[in-house]
Every structure is written in C-alpha cells, then in structure tokens.
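Peer 1: Make a model of the complete structure from these sequences and hints.
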Amino acid sequence: MASTPIARAIGMSDRRRNPPTGREVGTDLRSAAMIHAGDLVIDRERFLVTAHGRPVRLTFLEFNALWAIAEQDGRVIPYELLAERLWGDTAPDARRRLAVIVSRIRAKLDDQADVIDTVTRVGYRLAPSLAA
Numbered sequence: 231m232a233s234t235p236i237a238r239a240i241g242m243s244d245r246r247r248n249p250p251t252g253r254e255v256g257t258d259l260r261s262a263a264m265i266h267a268g269d270l271v272i273d274r275e276r277f278l279v280t281a282h283g284r285p286v287r288l289t290f291l292e293f294n295a296l297w298a299i300a301e302q303d304g305r306v307i308p309y310e311l312l313a314e315r316l317w318g319d320t321a322p323d324a325r326r327r328l329a330v331i332v333s334r335i336r337a338k339l340d341d342q343a344d345v346i347d348t349v350t351r352v353g354y355r356l357a358p359s360l361a362a
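Those letters in the sequence shown? Residues 231 to 362, per my numbering, in order.
Incorrect hints may appear among the rest.
Computed spacing ranges between beta-carbons, pair by pair [claimed, not checked]:
#, residue 1, residue 2, range
1, 333, 285, 30 to 38 Å
2, 337, 278, 16 to 24 Å
3, 322, 290, 16 to 24 Å
4, 283, 351, 30 to 38 Å
5, 322, 284, 31 to 39 Å
6, 323, 284, 19 to 27 Å
Note that these hints are calculated values from the structure, not bench results. No residue lacks a Cβ here, since even glycine has one placed at the ideal position from N, Cα and C.
Peer 2: Structure representation (structure tokens):
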C-alpha cells in the first residue's frame with residue numbers, strides 16, 4: 231500500500247492487516263476528523279479552526295492547506311505534494327502561490343502563526359513542538 235514515495239509522504243502505511251476491522255475504521259475516521267496542535271484545533275467535519283478556543287476564519291483553500299500540513303504530524307509536506315493536494319497539479323508558480331496562502335494563514339492565526347514551519351526549498355511542516 232505504501233510502496234510509492236508519495237504514499238509514504240502522506241502517511242500511508244502497509245503495516246495494517248487487511249481488511250481492517252470496523253473498530254479500526256471507526257477510530258481512524260474519528261481521529262482523522264480533528265487535529266490538535268497546542269492551542270490550535272482543526273476540525274475537518276465542521277470545517278472549523280479554533281485558536282485558544284476562538285474561531286479563526288479561513289478560506290476553503292487556506293483551511294485545506296492548513297489541514298494538509300497539520301495531518302503530516304510534524305513531517306514535511308513537499309511543495310509539489312501540497313500543490314497537488316490543493317489544485318490537482320503543480321503549476322509553475324505553485325511555490326509562490328503556496329507562500330501567499332501560508333502567509334495569509336499565519337496572519338489569521340496571529341499568536342499561533344508559528345504553528346507552520348517553512349523548510350527552505352522543501353516544503354512546510356507543523357512545528358515540531360506541536361506535532362503529536
């Protein structure tokens with residue numbers, strides 16, 4: 231299942247028994263619906279981000295970018311993979327577009343802005359101190 235570099239980069243694992251039990255699927259779905267990073271909570275089911283318990287208004291694209299970065303759990307998501315997740319391909323100006331999106335997310339997160347680390351020439355990651 232995780233035989234390709236992209237599959238491994240997005241956290242897929244081939245160490246699960248096939249097929250998974252109903253309990254495993256339910257647990258995966260529940261845990262995959264919400265990410266906690268310090269005082270930041272990202273709720274995929276409700277399309278809601280809160281910082282210190284207060285809602286943070288993000289656009290659809292900003293939310294999806296933050297989710298894609300946070301779900302890597304501290305691992306770097308390369309620029310190319312993040313662009314594919316957001317737009318379905320890698321445009322020539324993808325890095326610049328991603329930089330603008332991440333800049334806007336950081337501005338909206340205010341004192342939680344350091345939740346996203348830039349790994350120069352590679353991509354973005356959830357700050358190691360916040361990764362579970």
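Peer 1: All hints are to be evaluated individually against the structure, with a verdict given for each.
Peer 2: Now for the hints, and whether the structure bears them out:
Distance hint check for residue 333 and residue 285: the Cβ-Cβ separation is about 20 Å, which falls outside the suggested range of 30 to 38 Å. The beta-carbon spacing between residue 337 and residue 278, approximately 18 Å, falls within the hinted interval of 16 to 24 Å. The hinted window of 16 to 24 Å between residue 322 and residue 290 holds, with their beta carbons roughly 23 Å apart. The given range of 30 to 38 Å is respected by residue 283 and residue 351, whose C-beta atoms sit roughly 36 Å from each other.
The given range of 31 to 39 Å is respected by residue 322 and residue 284, whose C-beta atoms sit roughly 38 Å from each other. Checking the proposed 19 to 27 Å range against residue 323 and residue 284 shows it is violated: the Cβ atoms sit about 33 Å from each other.
This entry does not satisfy hints 1 and 6, going by the numbered hints stated previously.
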